[in-house]
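*Asks:* Spelled out from the first residue to the last, the chains are:
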Amino acid sequence: MTQNDRPSPEALLRAAAQEGRGRLKVFLGAAPGVGKTWEMLTEGHQRRDAGVDVVVGVVETHGRRETEALVQGHEVIPRRNVEHKGHSLGEMDIDAILARAPALVLVDELAHTNAPGSRHPKRYQDVEELLDAGIDVYSAINIQHVESLNDVVASFTRVRVRETVPDFVLEQAEIEVVDIPPDELIERLKDGKVYIPREATRALGHFFSKTNLTALRELALRRAAQAVDAQMLEHVRANALAGSFAVGERIVVAVSELPHAAGLVRAGKRMADALRAPWTAVHIETQRHRQFTGEERRQLADTLALATRLGASTASIPATDVVEGLRQFAREARATQIVIGKSSRTWWFEMRHGSVVDRLVRSVGDVAVHVLPSGEAAVPGRKTRHRRRGHWGNPADYLWSLLMVAAMAVIGRLLLEALDLGNIALLFLIPVMFAAATFGLRAGLFAGLASSLAYNFFFLPPTGTLTVSNPENVISILVLLGVAVVTSQFAARVRAQADLAGSSARQNAALASFSRQLTAAVTREELMQAICAEVSRLLDVRAVLLLPSADGPVLAAALPPEDRLEQIERAAAQWAMENDQSAGRGSATLTASDWLFNPLRSSAASGRGVLGVLGIARTDAADPLRSDQLPLLMSLLDQASIAFDRLTLEEENLRAQAVGERDRLRSALLSSVSHDLRTPLTTILTAAKEMRQHPSGELAEAIETEALRLNRFVANLLDMARVEAGALPMKPEPTDLFDAVAGAAHDTRAALHGHAVQLDIPPDVPLVRVDPVLLHHCLINLLDNAGRYADPGTPILIRGRRVPDMLLLSVIDQGPGIPLGQEKRVFETFTRLEGSDRVRHGTGLGLAIVKGFAEAMGLSVAASNNEDPPGACFTIRIPDALILKSFEGNFEDRDVP
Amino acid sequence: MTIRHKVLIVDDEPQIRRLILAALGRADYHVIEAVNGREALDRLRQERPDIVLLDLGLPDRDGLELVPIIKQQSDTTLIIVSAREATEEKVAALDLGADDYLTKPFDTDELLARVRVALRNRMTRGGGVPAVTAGDLSIDLMNRRIAKAGKEVHLTPKEYAVLAQLAKFPGRVITHDQIMVNVWPNESERHVEYLRVLVRSLRQKLETDPQRPQIISNEVGIGYRLRLPEDAA
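The listed protein sequences correspond, in order, to chains B and W. Each residue of the first sequence is one higher than the last, beginning at 50 in this note's numbering. Each residue of the second sequence is one higher than the last, beginning at -17 in this note's numbering.
For the record, the hints were derived by calculation from the structure and aren't laboratory data. C-beta atoms are modelled at their ideal positions from N, C-alpha and C, and glycine is treated no differently. Honestly, I wouldn't trust all of these hints.
Claimed, not checked - Quick list of the computed label-pair ranges, beta carbon to beta carbon:
hint, chain 1, residue 1, chain 2, residue 2, range
1, B, Leu726, W, Ala5, 25 to 31 Å
2, B, Leu869, W, Glu171, 47 to 53 Å
3, W, Asp44, B, Arg586, 55 to 61 Å
4, W, Gln55, B, Leu730, 38 to 44 Å
5, W, Glu171, B, Val131, 53 to 59 Å
6, W, Leu1, B, Pro865, 38 to 44 Å
7, B, Leu730, W, Arg30, 39 to 45 Å
8, W, Asp24, B, Arg741, 33 to 39 Å
9, W, Glu70, B, Leu726, 26 to 32 Å
10, B, His743, W, Arg8, 19 to 25 Å
11, B, Arg741, W, Ala5, 18 to 24 Å
12, B, Thr728, W, Gln55, 57 to 63 Å
Said to hold, decoys possible - Interface residues of chain W toward chain B, partial, derived using beta-carbon atoms under 8 Å:
hint, residue
13, Pro87
14, Arg182
15, Arg194
16, Pro195
The whole structure should be built from the sequences, with the hints applied where relevant.
*Replies:* Printed below as a string of structure tokens:
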């Protein structure tokens, strides 16, 4: 059984992604004037007549009446005006279309570039979004705007258009070629029926030649056929029909920082299409990479971005040598074809380094190597790569080399008596090797040259001249130079390797420290702050983190602290969040933003999707990310996502535990409720029934007592519910403890029957700022509890004490006290229920309510045992902050004279 | 000839009405009933009761809305009898004009005592010489003389102002705001702590055992009440 019998998972995924997505139909023309727009509108009318909900998103009529007439019949979504440099540009209003949600929208000029400040730089990206929203789109494009054909068209028309559409857009579309014979088109042109943008008139005569039009027409037809092919192929793959397509072809395109690399990428795309092979654009990063100018870096990033748009995967591979890196990558990627550009280097460079092409062809074995001519000459005004900074190195290096040579000459002079000439020559090897190893090839050669001159001048007869009498001495000079070359090469290589190792070690260290920092974070806030701080430090950027919310992204952390983002940044962040793609500066979307936003994705297993977005920006508003920082950022994002997931899981665990605890409480509550409600109810019911026959004061008293008990219990249940809901109405006010104590004693006088309440509170006890109702309930429960456990007839003492930092209010009874070691547990809900024996009645809620209420007010509670007389002591501790300072005399109240 | 005072009970719970009816009937009051807000206002117009016992949780409208309407349409004494125990609601009802507040479940003796207090306050409202006796304490508002066990007690002006507020309606709860607006008329901010300190020093001077106040009793979170021994439940 071969692999081809099964549908390929990727193809099925693509098919699945297509479902629910809108369909794209592209009217493809060979040149302006063939009638694409007309055709599109006409077909739109047919669809509308067939009952489809059609609107016009944007259509350029260029003032042609017949086209205008066709637009008339359609519902047109008004354009959105974008101000740009004083001009008002009417752009397609994608939000209005999304809100209108038609079944089909007509969008002209697929290759159009949107005005700066629009959501997407390109119209085809708008179209993608419409398709994603499930809206069908009809659009139109001319063949020269197709990205992979851009070079080809430019090669024979000599007109290069800047607005291009990536091939993948067309690959998912149904393509209809709008075709008229070249002669007819030229006729229409002469009749003025073709709209030509003003800037294009110059090239017009040439562009619309019959040969050109024929070639363009052929290209358009072939592209349409290719699209049909591709769709068929997709169908075959998805359905696992035994297809006869080439398997196993894999193409690797090696790109450099040079501008012509874009041409290589396009060629690679055409080859990949022809072979129906997956392809990769790879850049081999050698130590040269670090010397790149900003311009070169951007060029490289652009090339890789182009490859991505054309459907390639991309990679940047660090290696000491281009050929070696490429060979290794090709082997790992199991490439069958490698595309490289013909080097534009001088014969001299190739003499020294060997041609990359030759070495590659020799080293890769059975992989086909395609060498394409560099198109560099076609780029005007850029004949040679401009010279890099530091090419010649630091002048100080040469000075040092010279000094060393001079020093050696002096030493040689001194040793001339002891040594012969040959050995003196050897002495000069020292400065040469040192200079070559330390300062590089050029300084080494310089030292070699200086050494040979010094050797010649000072030591070789005739001394004092630069003439060489003995031909053998020429050898000495050549050896000095040779040593310089060889040493410098070795040293450079060792240095490069050390640098590369160092840089990856640095990167690994950065990642390790990052993940360490994130692991240390315990709360979500700490984690988010740590992510921002670390990203900011490692990438040298400003960093913000936004979380999703009902009203769009909200700022959750930032470094340096940032309190708000501009509208455009907010939009970019939201887009990144909703589409799970990067947005903002340096991405494909909302590039006017100064920030680059990347989504933090949850790992697939937890299925939480986008957790948040991380925004980065430079303080100088430059591009937030250098191309070589991208892998680091991606790793950081991964780490951050994992940390987020970890925290979320931990939180869920805790929540599950809390739920378990609540369930335990609930069942305890239920059993308590059923017992403590039913007992008094039973008494009341039977007593009431009994009283019908024999009215008696005793029965009435029983009813009253039990009803009071029931009342306390219900009140406690309500209070406990409030504590647990965390919804205690707090209205702290200055409260006199004497009022509180007297009120509580008054309300519990029935429960305290038989116990005298003694007060031991200093008369000048300060006022405290508490909620009087909550404090009242605390005291009621403490007194109630004391009344229940105190030995009959014993007094209950309420004691107030001022100690450093707090005020203590204790309720002390004389009774069995608290079982040893249970001092803390008595405040837990239903603690009493867990005891083996239900000695006293009560709800087991009272002390839990005391604790809940007290803590809600900022007080704390403690339980202990008293030695003499033995009993329990419950204390409410009121911290200093809640104690009112003396303010006598603040309110004018003078005695009447 | 004794006049039978009219009491209107407004409550949608028949059991509660029956209980109150029994207790008040025993004390020889003429009791009329209403089960909702609309009926309460009808009875109020037709019967002109001396006292209204109003439940806040009525089926057709919130009893709190009725408070100002009842006070506007009649000069009846309004006592709230409700299961709502949030202090804000009590204070709101009192500040809207209710004369007293009783929380369910209540003691019928306590209810009768409150009704008695209310009736006595109605009688003295006519401008008779206000003089209050609470145990061995006598308060003569006319001559601003306070005597404890026959001995004159010296009060500061503020202390007197507080006591006078309470003594004008003995037995009735007076909210903090109602007291303070009279004692510190120029102070926009309400300093409950000043009031607490004043009451504490008042108790030092007036109460037999200042730590267990019997005369000036605190209503948790609401205000104070001048408690007369004969009103005690």
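*Asks:* Please go over all the hints and tell whether each is borne out by the structure.
*Replies:* To see whether the hints hold, each was checked on the structure:
1. Evaluation of the 25 to 31 Å hint for B/Leu726 and W/Ala5 yields a pass: the beta carbon distance comes to about 27 Å.
2. Distance hint check: the CB atoms of B/Leu869 and W/Glu171 are about 51 Å apart, consistent with the given range 47 to 53 Å.
3. Here the CB-CB span from W/Asp44 to B/Arg586 is close to 60 Å, well matched to the stated 55 to 61 Å.
4. Take W/Gln55 and B/Leu730: their Cβ atoms lie about 42 Å apart, and the range 38 to 44 Å holds.
5. For the hinted restraint 53 to 59 Å between W/Glu171 and B/Val131, the CB-CB distance of approximately 55 Å keeps it satisfied.
6. A C-beta distance of roughly 40 Å is found between W/Leu1 and B/Pro865, which places it inside the suggested range of 38 to 44 Å.
7. A hinted range of 39 to 45 Å holds for the C-beta pair B/Leu730 and W/Arg30, which are about 42 Å apart.
8. As the Cβ distance of W/Asp24 to B/Arg741 is approximately 37 Å, the hint placing it in 33 to 39 Å holds.
9. The beta-carbon spacing between W/Glu70 and B/Leu726, approximately 29 Å, falls within the hinted interval of 26 to 32 Å.
10. Restraint check, B/His743 to W/Arg8: a C-beta distance of roughly 22 Å satisfies the suggested window 19 to 25 Å.
11. As the Cβ distance of B/Arg741 to W/Ala5 is approximately 20 Å, the hint placing it in 18 to 24 Å holds.
12. In this structure the hint that B/Thr728 and W/Gln55 lie 57 to 63 Å apart at CB is violated, the actual value being about 48 Å.
13. Satisfaction of the interface hint for W/Pro87 is found here, the shortest Cβ-Cβ separation to chain B being roughly 6 Å, below the 8 Å cut-off.
14. Taking 8 Å as the C-beta contact cut-off toward chain B, the hint placing W/Arg182 at the interface holds, the least distance being around 6 Å.
15. Contact between W/Arg194 and chain B, as hinted, is supported at the beta carbon level, the nearest pair being about 6 Å apart and thus within 8 Å.
16. For the restraint placing W/Pro195 at the interface with chain B, the shortest Cβ-Cβ distance is roughly 6 Å, inside the 8 Å limit, so the hint holds.
Checked against the numbered hints listed earlier, the structure breaks hint 12 alone; every other hint is satisfied.
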